[in-house]
Amino acid sequence: MQVVSATTTITSTPVDLRADIRTLIHQALDLRSMIACSQVSKAWSTEFTPRIWNTIDLDNQPRFSELPSNIIAKNGQYIRIVRTIRKRSEFELFRDPSIQNIEQLVIRIKPKRNCQRQAFQLIQRNLRSLFRLDIRMGQSVTSHPDFALEDIFVSPDPDCMPKLTELRIQYLSMTRKALSTLLSRCPNLTDIDIRSCTFHGDGVGREELYQHKGVTYLFASYQRVFSPDPGSSSDSDNAVVPLLAHFPNLQYWDLWMPDIRLEDSAAESIKNTLKKYNSSVKELSTMQAAGSMVHDLLAKAFKSIEFICLSYEKLSASGILGLLLHKSTLTIVRANNPDIRDWSYYADQVIPVRDTFADAWMIHLIFSRCALLTFVDLPGHEMDMDMIDSFPWACNDLVQLRIRIKGLDTKELIMATIRKWSRGAYTRRRQRRNEEQRQATSKKIDAKPTKDSDGAAEVFETVQVFLTDGDNGKDKDNNIVNGFNNETEAVNPIVDRVATHLLKFEKLNKVWLGYKIWEL
Numbered sequence: 001m002q003v004v005s006a007t008t009t010i011t012s013t014p015v016d017l018r019a020d021i022r023t024l025i026h027q028a029l030d031l032r033s034m035i036a037c038s039q040v041s042k043a044w045s046t047e048f049t050p051r052i053w054n055t056i057d058l059d060n061q062p063r064f065s066e067l068p069s070n071i072i073a074k075n076g077q078y079i080r081i082v083r084t085i086r087k088r089s090e091f092e093l094f095r096d097p098s099i100q101n102i103e104q105l106v107i108r109i110k111p112k113r114n115c116q117r118q119a120f121q122l123i124q125r126n127l128r129s130l131f132r133l134d135i136r137m138g139q140s141v142t143s144h145p146d147f148a149l150e151d152i153f154v155s156p157d158p159d160c161m162p163k164l165t166e167l168r169i170q171y172l173s174m175t176r177k178a179l180s181t182l183l184s185r186c187p188n189l190t191d192i193d194i195r196s197c198t199f200h201g202d203g204v205g206r207e208e209l210y211q212h213k214g215v216t217y218l219f220a221s222y223q224r225v226f227s228p229d230p231g232s233s234s235d236s237d238n239a240v241v242p243l244l245a246h247f248p249n250l251q252y253w254d255l256w257m258p259d260i261r262l263e264d265s266a267a268e269s270i271k272n273t274l275k276k277y278n279s280s281v282k283e284l285s286t287m288q289a290a291g292s293m294v295h296d297l298l299a300k301a302f303k304s305i306e307f308i309c310l311s312y313e314k315l316s317a318s319g320i321l322g323l324l325l326h327k328s329t330l331t332i333v334r335a336n337n338p339d340i341r342d343w344s345y346y347a348d349q350v351i352p353v354r355d356t357f358a359d360a361w362m363i364h365l366i367f368s369r370c371a372l373l374t375f376v377d378l379p380g381h382e383m384d385m386d387m388i389d390s391f392p393w394a395c396n397d398l399v400q401l402r403i404r405i406k407g408l409d410t411k412e413l414i415m416a417t418i419r420k421w422s423r424g425a426y427t428r429r430r431q432r433r434n435e436e437q438r439q440a441t442s443k444k445i446d447a448k449p450t451k452d453s454d455g456a457a458e459v460f461e462t463v464q465v466f467l468t469d470g471d472n473g474k475d476k477d478n479n480i481v482n483g484f485n486n487e488t489e490a491v492n493p494i495v496d497r498v499a500t501h502l503l504k505f506e507k508l509n510k511v512w513l514g515y516k517i518w519e520l
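When we follow full-length UniProt numbering, the leftmost residue of the sequence shown carries the number 1, and every step to the right adds one.
Hints were generated in silico from the structure; no laboratory data involved.
Take these hints with a grain of salt, some might be off.
Think about it this way: if two alpha-carbon atoms lie no more than 27 Å apart in a straight line, the pair counts; the simulated BS3-like pairs of lysine-lysine are [said to hold, decoys possible]:
| id | residue 1 | residue 2 |
| --- | --- | --- |
| 1 | 327 | 303 |
| 2 | 303 | 276 |
| 3 | 177 | 303 |
| 4 | 271 | 303 |
| 5 | 444 | 406 |
| 6 | 507 | 282 |
| 7 | 177 | 110 |
| 8 | 271 | 282 |
| 9 | 516 | 504 |
| 10 | 163 | 87 |
| 11 | 213 | 303 |
| 12 | 163 | 177 |
| 13 | 282 | 510 |
| 14 | 406 | 510 |
| 15 | 87 | 112 |
Estimated spans, in silico, between C-beta atoms of each pair [unchecked claim]:
| id | residue 1 | residue 2 | range |
| --- | --- | --- | --- |
| 16 | 337 | 161 | 36 to 42 Å |
| 17 | 32 | 427 | 45 to 51 Å |
| 18 | 44 | 415 | 36 to 42 Å |
| 19 | 157 | 207 | 38 to 44 Å |
| 20 | 155 | 41 | 36 to 42 Å |
| 21 | 394 | 59 | 32 to 38 Å |
| 22 | 160 | 120 | 16 to 22 Å |
| 23 | 124 | 396 | 51 to 57 Å |
| 24 | 204 | 386 | 33 to 39 Å |
| 25 | 155 | 427 | 57 to 63 Å |
In this text, a Cβ means the ideal position worked out from N, Cα and C, and glycines have one as well.
With these hints in hand, go ahead and build the complete structure from the sequences.
What follows is the structure in structure tokens.
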């Protein structure tokens, strides 16, 4: 049997197909149901046991600690994800040597020697499989314990390097030399998240400034990057090498900046550091920054940004103007999800969201000035269709759009819009395909004339008239929508208007208008 995906064609046996079906069944069952299934027979136990033990979440599975140690040891080989170890007694649950295949591990412990030793042992035992580690020592910035994290990543097998790709550390203290050693021992690292850590030393010298060329994502505050050791008595900021210097191929900086004023000197420091060490940074997240700070960052510190993620609640007119400074490179604009309980793109209802941006009309400037946009995700914004005539969208390569429309506020209206947009898009694709086939056939006939050439020309002329609009292509999208109105649904001004607008973007294939994400 041939199974064709979007990118590849593979051969699948009936056994493989049954495995795919079983995977879907596993995903649909909760833990209690899988446990019940595992007790049906030996074959079912073999099938469901690895799934049952795959993820251990101590916050949501408190009864796990009541299991006998021999049961945990018997099934420890199946454990892949562990969240969240907080106490010494919880480390004891994972002492058995069979637990050596953990891929994701979350640790939240107090800065005590015994806890550190247990964390050390568990991490090192799983070095061959661990690719995501999230570790926090202490509960405040004043409780920084010294923890030799770099010593953990010394594999007992020299031929088996640590597989770690994502690292998150919080409330840890180490020297710049220790940080460099840690980075050098994790060659596969791509993402690093640094929160409230202290790094002693100025970063000058080969031992203190290891440059990891694989790291492309960094979460770190401005203060931590440029003042790695807040308690340092140094009076010269220039004497300390910024943490950015460790990551020469950094692409995405999640810049945590609470509501503080960005001085010109700080913006200049960021600009100079990026120019010297991180010229590849093109993606930026400023979720904690106010609109005025977003403007200053984009206007004074960063160049040629392609991707930005920001807080819609804190967005201001100046922030929009800052975005427009990068109109020649900007391809993706995303904002945070609305802070509403149970909010989700996949909710089975239209959740009302109040647009808090006083100058919301300026969002149209982004669409009309940034011609390279491919993905816009602004779930907190409610777009006014009346503004589009004043600010025609220039982003003809738009592929994904997540935005709400004023007046399109019920499930029924949104679904009617999606149906008309999808029908119009498929009709256009079919017409284009037919036209291509007609042209190919026409070329063959032109290359080999027949006695009835005049008759063939007449047939092709008839087909061409049938496949194209009578107005020679003008208002083509309107014609498609109106055709469906006449055949299937009643005319609705807002539905027709939005569907017509969406059809202007031929590459658009994924849309959210307030009720679920729909893909062509």
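Quick rundown of the hints versus the structure:
The straight-line distance between the Cα atoms of residue 327 and residue 303 is roughly 11 Å, inside the 27 Å bound, and the hint therefore holds. Restraint check for residue 303 and residue 276: the C-alpha separation of about 13 Å stays at or below 27 Å, so the hint holds. Under the criterion of a C-alpha separation no larger than 27 Å, the hint pairing residue 177 with residue 303 is inconsistent with the structure, at around 31 Å. With a CA separation close to 8 Å, the supplied pair residue 271 and residue 303 stays within the 27 Å bound.
For a cut-off of 27 Å, the pair hint linking residue 444 to residue 406 is broken: about 51 Å separates their Cα positions. Distance check on the hinted pair: residue 507 and residue 282 sit about 24 Å apart at the alpha-carbon level, within 27 Å; holds. The straight-line distance between the Cα atoms of residue 177 and residue 110 is roughly 24 Å, inside the 27 Å bound, and the hint therefore holds. For the proposed pair residue 271 and residue 282, the alpha carbon gap of about 13 Å is at most 27 Å, so the pair holds.
For the given pair, residue 516 sits about 21 Å from residue 504 by alpha-carbon distance, which is consistent with the 27 Å threshold. In summary, the hint linking residue 163 to residue 87 is supported, as the alpha carbons are separated by about 26 Å, within the 27 Å threshold. Pair hint residue 213 plus residue 303 holds up; C-alpha atoms about 21 Å apart against a cutoff of 27 Å. Distance hint between residue 163 and residue 177 is fulfilled; the C-alpha atoms sit about 21 Å from each other, no more than 27 Å.
Distance hint between residue 282 and residue 510 is fulfilled; the C-alpha atoms sit about 24 Å from each other, no more than 27 Å. Between residue 406 and residue 510, the direct Cα distance comes to roughly 19 Å. Compliance with the 27 Å bound is thereby established for this hinted pair. In summary, the hint linking residue 87 to residue 112 is supported, as the alpha carbons are separated by about 10 Å, within the 27 Å threshold. Between residue 337 and residue 161 the beta carbon distance is about 37 Å. The supplied range of 36 to 42 Å therefore holds.
Checking the proposed 45 to 51 Å range against residue 32 and residue 427 shows it holds: the Cβ atoms sit about 47 Å from each other. Checking the proposed 36 to 42 Å range against residue 44 and residue 415 shows it holds: the Cβ atoms sit about 40 Å from each other. The given range of 38 to 44 Å is broken by residue 157 and residue 207, whose C-beta atoms sit roughly 25 Å from each other. The hint said 36 to 42 Å for the Cβ distance between residue 155 and residue 41, and at roughly 40 Å that hint holds.
In this structure, residue 394 and residue 59 break the distance hint of 32 to 38 Å, their C-beta atoms being roughly 48 Å apart. Between residue 160 and residue 120 the C-beta distance comes to about 18 Å, which sits within the given range of 16 to 22 Å. At about 53 Å, the CB distance of residue 124 to residue 396 agrees with the hint of 51 to 57 Å. The hinted window of 33 to 39 Å between residue 204 and residue 386 is violated, with their beta carbons roughly 59 Å apart.
At about 59 Å, the CB distance of residue 155 to residue 427 agrees with the hint of 57 to 63 Å.
This entry does not satisfy hints 3, 5, 19, 21 and 24, going by the numbered hints stated previously.
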